[in-house]
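Chain by chain, the residues run as shown.
2 protein chains.
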Amino acid sequence: MIQVGIIGVGTVGESVAQILEANRDIISARAGKEIVVKKGVVRNLSRARDVDIPLTDNVDEVLDDPEIDIVVELMGGVEEPYRVVRKALQNGKAVVTANKALLAYHRYELQETAGELPFEFEASVAGGIPIIKALREGLSANHIESIKGIINGTANYILTKMMNEGVDFEPVLKEAQELGYAEADPTFDIGGFDAAHKLLILASIAYGIDAKPEEIMIEGIEQITQADIGFAKEFGYTIKLLGIAKKVGEFVELRVHPALVPQSQMIAKVDGVMNGISVIGDKVGETMYYGPGAGGDATASAVISDIIAIARGGKASPMLGFKRPLESGLKLLGRESIVSKYYLRLEVADRPGVLAKVSQVMGEQNISIETMLQKPGQEGSASLLLATHACEERAMQEALKALFELESVKERPMMIRMEA
Amino acid sequence: MIQVGIIGVGTVGESVAQILEANRDIISARAGKEIVVKKGVVRNLSRARDVDIPLTDNVDEVLDDPEIDIVVELMGGVEEPYRVVRKALQNGKAVVTANKALLAYHRYELQETAGELPFEFEASVAGGIPIIKALREGLSANHIESIKGIINGTANYILTKMMNEGVDFEPVLKEAQELGYAEADPTFDIGGFDAAHKLLILASIAYGIDAKPEEIMIEGIEQITQADIGFAKEFGYTIKLLGIAKKVGEFVELRVHPALVPQSQMIAKVDGVMNGISVIGDKVGETMYYGPGAGGDATASAVISDIIAIARGGKASPMLGFKRPLESGLKLLGRESIVSKYYLRLEVADRPGVLAKVSQVMGEQNISIETMLQKPGQEGSASLLLATHACEERAMQEALKALFELESVKERPMMIRMEA
Chain D
10 MIQVGIIGVG TVGESVAQIL EANRDIISAR AGKEIVVKKG VVRNLSRARD
60 VDIPLTDNVD EVLDDPEIDI VVELMGGVEE PYRVVRKALQ NGKAVVTANK
110 ALLAYHRYEL QETAGELPFE FEASVAGGIP IIKALREGLS ANHIESIKGI
160 INGTANYILT KMMNEGVDFE PVLKEAQELG YAEADPTFDI GGFDAAHKLL
210 ILASIAYGID AKPEEIMIEG IEQITQADIG FAKEFGYTIK LLGIAKKVGE
260 FVELRVHPAL VPQSQMIAKV DGVMNGISVI GDKVGETMYY GPGAGGDATA
310 SAVISDIIAI ARGGKASPML GFKRPLESGL KLLGRESIVS KYYLRLEVAD
360 RPGVLAKVSQ VMGEQNISIE TMLQKPGQEG SASLLLATHA CEERAMQEAL
410 KALFELESVK ERPMMIRMEA
Chain Y
10 MIQVGIIGVG TVGESVAQIL EANRDIISAR AGKEIVVKKG VVRNLSRARD
60 VDIPLTDNVD EVLDDPEIDI VVELMGGVEE PYRVVRKALQ NGKAVVTANK
110 ALLAYHRYEL QETAGELPFE FEASVAGGIP IIKALREGLS ANHIESIKGI
160 INGTANYILT KMMNEGVDFE PVLKEAQELG YAEADPTFDI GGFDAAHKLL
210 ILASIAYGID AKPEEIMIEG IEQITQADIG FAKEFGYTIK LLGIAKKVGE
260 FVELRVHPAL VPQSQMIAKV DGVMNGISVI GDKVGETMYY GPGAGGDATA
310 SAVISDIIAI ARGGKASPML GFKRPLESGL KLLGRESIVS KYYLRLEVAD
360 RPGVLAKVSQ VMGEQNISIE TMLQKPGQEG SASLLLATHA CEERAMQEAL
410 KALFELESVK ERPMMIRMEA
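Sequence lines, in order, name chains D and Y.
For reference, each letter of the first sequence is one residue, going 10 to 429 in the working numbering.
For reference, each letter of the second sequence is one residue, going 10 to 429 in the working numbering.
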């Protein structure tokens, strides 16, 4: 028998306890032993919960209980769970967590503390999709060339609605909030921060790279309009919020931003609240993983798969998938050196000579234009929609600044990166 | 150090040896030790091979070598590899195989023989896609409700071409043969037998069910015409060769056949030689796995992931994913009891009363028609295209027989099952 303590019995914690009970037959067949929740820790004991496990509001009753083999951390937050997880590991307990923020900041310290103890976190990225096991185990023979993930369901829901129904950002966000797909403060999801946390976890496994959220490019989807979506459709693209990790020589670029993705790519077909992650390995080529990125039961499915793996194996699979340090020497690529193609939308005065000035600014940064489209705007203005050939972020930022300084450019230019 | 013997150094075997060499850095970081190919066994020593490993034509030099830890079986065939794998296990060696035919017939005996020894076969289903690890580990908390797989690249290539380019079966098959996507004798692929082998492996892991290929429904894609594809397009479907395993009460249905799949489903978007497997778990919902189902490097990627898992873990993960027998009591559903919706194409004489007769036959089997379309055929004949509501296979087979006996029905009716 394996005894589990759950710290944080919210939606996911409740699902974990419920599924361990409901699917006891298959879980014990797969694990080789019974898995029992000995105790759950909650902040507020007076709130009713839909589970039949003993509850406490004292975390030490789990951390110091010698009978508890596995601590499941589902608290949320960063520093408090960090202290809890560290203490659990120091007390010799295996740990399972779904906490991506915790891992975005402390995964390497925790790996160090864990040593040979199992420390698993399949649920921290893309909910029910077993992407971490796929990277650590399924694709273990490959150097990973790139990872492109739709790893935030809220943002994908909003973008899908905007694409399919021609609705603007604000009303779709409001609807998503009413449906419970978006938080009251949606910044974390639509601003790309949640996706960034997940991307850093995947990048650690693929590249052994220790970056913090503050060090990488993170842009959200708030500025996207139907004008941008119209351009995307016209040229065979869809717009997705992507988390991208890509090996470029001795560097790894890490970035979260909306992107124009060719409609023919599998990842472009991941719609609604679903998640999808495309991984290119140097030997296997492209594989793609699709499924629910959130929800109590889907997330609990991943949490329990980790518990079962620990019950089966006893021994740790190495946290980030490496038995030895990966001496890749890979470094984080500075964001200004990232190379991409770009889509720009400029709201300009509709008068002669504007096009020439725009072209000149681009030319000064050595950026060549691949496609250009002019559409009539409101009273005396026009929208210039253009796609560039590949250039460095540095040059694009200079160009954007110079474009905005042009007298004939009326608003801050809109820029979205394009994926080939 | 882990020493490996490769039995069968063809396309996949060469790739295994080459990748172990080329990706030595990441493989040893993930495995925690060096992995070295000590010897390869070939039938014909005089044929040049593009690998730098010692070769022999005597299989016992691998099977009886006490220094070899893992035997990689890549011979092809059934009975000879069965003897070889059994002997390797009896000699205490871990075994990795990509041989789906072997597993379709002997997986349970080999599991028995393996006991606590690792016996892994990720490469046997869907090449480079880690679907076996996903089922055994990633989804281990779930009862699997259904598996629907596009698990034969040749058939999917042909159907995709037929759908996208309006070309008939024969010329596309010929082209596939010229491109090396189809064998000179393509029966195994286009007849559904290859997919059936893979389906049985997946079904064993999901349901613990021991069925042989001869016991399940297997139909190929040879009879599909542009008339059928036209109907599919008109009603928002695509046609795919699917391997389906589905839990229905205390039974499991296993079947391989072409199917009309709604274009909105993710699995319908898997095109060309690619493979895709959609799995529905009772807790996680749908997850989908996409990637290359064949090819030397992609298959070798899966073979090596198994070798790394063995090197890492030492101990066996249970072959079919169960530490204990799964006492599911699930039985194979007889094929005549499978329930489906059906699409039919009837070539009929274009004269009054035919429609009434067809409806009468269907009515006698209690099959109700959902959609009907009549198209003009050649000289005095017409094509009747219809979709039914769900009914049992038994009733449909009776109806097909009765329809073919109608004087006004000119050819054997075409039937394709429809997936919801």
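Misleading hints may appear alongside valid ones.
A pair holds if it fits inside one copy or across any two, identical chains being indistinguishable in the list.
To be verified - In the DMTMM-like style, the derived pairs of lysine to aspartate or glutamate whose C-alpha atoms are separated by at most 20 Å in a straight line are:
hint: 1; residue 1: Lys170; residue 2: Glu231
hint: 2; residue 1: Lys340; residue 2: Asp34
hint: 3; residue 1: Lys278; residue 2: Glu121
hint: 4; residue 1: Lys278; residue 2: Glu295
By construction, these hints were calculated from the structure, which means they are not laboratory data.
Please read all numbers here as calculations on a predicted model, not as lab measurements.
Now for the hints, and whether the structure bears them out:
no. : hint            : result
1   : Lys170 / Glu231 : within (14 Å within a copy, 40 Å between copies)
2   : Lys340 / Asp34  : between (46 Å within a copy, 17 Å between copies)
3   : Lys278 / Glu121 : neither (39 Å within a copy, 42 Å between copies)
4   : Lys278 / Glu295 : both (15 Å within a copy, 15 Å between copies)
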